[in-house]
Structure formats: structure tokens, C-alpha cells
Amino acid sequence: MAPDLRQDFNMMEQKKRAFCEELESMIQEQFKKGKNPTGLLALQQIADFMTTNVPNVYPAAPQGGMAALNMSLGMVTPVNDLRGSDSIAYDKGEKLLRCKLAAFYRLADLFGWSQLIYNHITTRVSSEQEHFLIVPFGLLYSEVTASSLVKVNLQGDILDRGSTNLGVNQAGFTLHSAIYVARPDVRCVVHIHTPVSAMKCGLLPISPEALSLGEVAYHDYHGILVDEEEKILIQKNLGPKSKVLILRNHGLVSVGESVEEAFYFIHNLVVACEIQVRTLASAGGPDNVVLLDPGKYRAKSRAPGSPAGEGTWPRGRNRAFLVCL
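Take the sequence shown: its letter number 141 is residue 141 in full-length UniProt numbering, and every next letter is one higher.
The hints are simulated quantities; they were obtained by calculation from the structure and are not laboratory data.
Being a predicted model, the structure only gives us computed values, none of them experimental.
A couple of the hints might just be wrong.
[What the hints assert, rightly or not] Think about it this way: if two alpha-carbon atoms lie no more than 27 Å apart in a straight line, the pair counts; the simulated DSS-like pairs of lysine-lysine are:
no., residue 1, residue 2
1, Lys231, Lys151
2, Lys231, Lys200
3, Lys241, Lys296
4, Lys231, Lys241
[Claimed, not checked] So the derived label-pair ranges between C-beta atoms look like this:
no., residue 1, residue 2, range
5, Tyr297, Leu233, 28 to 34 Å
6, Val271, Gly223, 37 to 43 Å
7, Asp160, Gly285, 49 to 55 Å
8, Ile224, Tyr297, 36 to 42 Å
9, Cys324, Asp185, 19 to 25 Å
10, Pro240, Glu274, 25 to 31 Å
All C-beta atoms, glycine included, are put in the ideal place defined by N, C-alpha and C.
All chains should be built: construct the whole structure from the sequences, respecting the hints.
Put into C-alpha cells, the structure is as follows:
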């Protein structure tokens with residue numbers, strides 16, 4: 001690229017954010033007036049173009065997924081698509097949660113944790129209302145946006161379908177609602193699949209990531225999670241304190257008091273599982289592996305790598321999610 005063209009391109013990139021913000025304010029103002037739908041539509045189309053017209057060069061995704069493919073083709077659906085009437089329908093807190101959860105789905109896809117339209121990540125809307133957000137059944141992780149998330153209550157009633165006409169997966173609802181009912185401290189639940197769930201030995205304490213998870217709970221496989229008896233067993237096996245639940249022959253579950261904390265635990269859990277799979281393959285079985293004593297390696301109050309007096313584990317967990325966005 002010629003130097004003058006490169007300079008022009010860099011200047012355009014610098015002004016892009018300000019231009020998008022100005023466009024957004026114009027759209028909001030036009031929406032309030034409500035007298036010129038044609039002009040409003042034109043402004044919205046320009047704004048959509050600006051938010052989806054992204055560079056063709058990206059850093060390599062950790063694993064891949066549909067999101068990585070779309071990015072390589074220059075096709076990226078904005079995570080935050082709450083505009084116009086969609087934006088007015090939610091308060092500030094729910095808007096933020098919707099954006100966080102949609103971003104979590106995108107990250108999960110980039111890390112290779114997705115499985116087509118299956119598995120779920122959910123977040124409780126607030127501690128006052130027993131409602132949670134879940135992906136509509138039929139969307140890929142790479143297609144999830146803030147407006148598409150479905151709001152349901154703990155009885156399974158759909159309170160807000162979002163921007164699609166899709167329903168909710170019953171098995172996903174059963175698992176997540178069971179945890180929210182039993183654990184009022186939990187604000188986010190993540191469920192994915194991994195080979196370690198089929199190992200008799202379970203998750204072994206052979207890495208720092210495994211030790212960071214605390215007490216790991218287990219639940220035996222009884223088929224697809226769709227009945228009340230299964231919900232009771234899940235609640236009993238998870239217990240009042242565990243942040244990680246391994247569904248034998250099925251997959252993994254992590255919970256957190258925030259979206260960030262749930263991401264921290266599922267990320268460390270996946271890394272611990274990957275380390276274990278590679279270690280057992282090279283060692284020839286668990287008998288040839290050195291096991292750590294979890295009692296000797298209690299979590300420190302300071303995040304590793306941070307200066308003395310700066311950073312705690314909760315803050316460190318939050319950073320892990322934020323730096324991936």
C-alpha cells in the first residue's frame with residue numbers, strides 16, 4: 001500500500017469510532033421525532049455498514065469455530081445490536097448483561113467450545129427477578145447477539161423472545177434452571193462438552209489450572225436432562241459451594257457470581273482437561289502421573305503476577321474475560 005493511502009486509511013480508522021457515535025446519536029434523535037422513517041432507515045443502514053465493515057486481517061483464533069470463518073470472510077455480526085425500540089425496551093443493567101452474554105458466546109465459539117446449536121451459556125438478569133437469558137434454540141454461537149437472547153423465568157415461561165421467533169431447548173433450560181433455583185449466589189452458568197467427562201479417574205490434580213477450580217462435583221449420566229428427578233440430582237451433586245460440575249459421559253458445567261467469574265472457571269477447566277488428556281496419553285495412564293495435594297496449594301488472596309497489595313482473585317478473574325473481548 002502506498003504511504004499516502006496508508007496514512008489516509010489510518011486517519012479513517014481513528015475517526016471511525018467518533019463517526020459511529022455521531023451516527024448513533026443521530027439515529028436516536030430521528031427515532032424520537034418519528035416523522036421521517038426513510039431517513040431513519042438510511043441512517044441505520046449506514047451505521048450497520050460501519051459496525052460490520054471490519055478489516056480483513058485478524059489475529060489467529062485460539063481454536064477456530066464459525067466465528068473465525070466468518071471473520072476471515074469479512075462477515076461479522078455486531079454483538080451489540082440493541083438499537084431503536086430494542087434499546088428502549090431494556091434498562092441499562094440488562095443491556096450490559098445481554099452484550100456480555102452474547103460476547104461470551106462469541107468467545108466460546110472462537111475457543112472451540114461450541115457444538116453447533118447445542119450447549120448453553122446463561123445469565124441471571126438480576127437477584128430481584130428470577131429471570132435468566134438464554135440463546136434461542138437454532139442459533140449458532142457465532143450468530144448470537146444482544147437482541148437475540150431469550151428471557152425466561154424459572155418455570156420455563158418465555159417472557160421476551162428477543163429478535164427471533166425461536167424457542168428454548170428444553171434440556172438446556174432444565175439444567176440451568178435447576179442450578180439457579182438451588183444456588184441464589186450464581187449469576188452465570190456455562191455448559192460445554194469435553195472428553196475428560198468420560199474418564200473414570202475424573203479430573204486429576206496435576207496442573208495449577210486444576211487446583212484453581214476448588215472442589216469439583218460430579219453427576220452421573222442418566223440421559224437427556226428433561227425431568228424433575230434429574231434436576232433434584234443435579235442440585236444435590238453440585239452442592240452449595242462448588243463452582244465446577246462434571247457431568248459424567250456428558251460434559252462440563254461452571255458457575256459464577258458473574259459472567260466474568262464463570263468464564264474464568266470454564267477456561268481453567270478446559271485447560272486442565274486438555275493438560276490431563278495430553279499427560280495421560282504420554283504417560284500411559286494415571287498410575288505414571290504425579291498427583292498434587294490440593295490441600296497444600298490453597299488459593300492466594302493476590303492474583304498471580306500482580307504486585308504486592310494490588311489485585312485480588314475476583315479482580316483477576318474479571319480481567320481474564322475482559323482481555324479476551
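Here is what the structure says about each hint:
| no. | hint | verdict |
| --- | --- | --- |
| 1 | Lys231 / Lys151 | holds, 20 Å |
| 2 | Lys231 / Lys200 | holds, 23 Å |
| 3 | Lys241 / Lys296 | holds, 20 Å |
| 4 | Lys231 / Lys241 | holds, 17 Å |
| 5 | Tyr297 / Leu233: 28 to 34 Å | holds, 31 Å |
| 6 | Val271 / Gly223: 37 to 43 Å | violated, 29 Å |
| 7 | Asp160 / Gly285: 49 to 55 Å | holds, 50 Å |
| 8 | Ile224 / Tyr297: 36 to 42 Å | holds, 37 Å |
| 9 | Cys324 / Asp185: 19 to 25 Å | holds, 24 Å |
| 10 | Pro240 / Glu274: 25 to 31 Å | holds, 29 Å |
Of the numbered hints listed earlier, the single one contradicted by the structure is hint 6.
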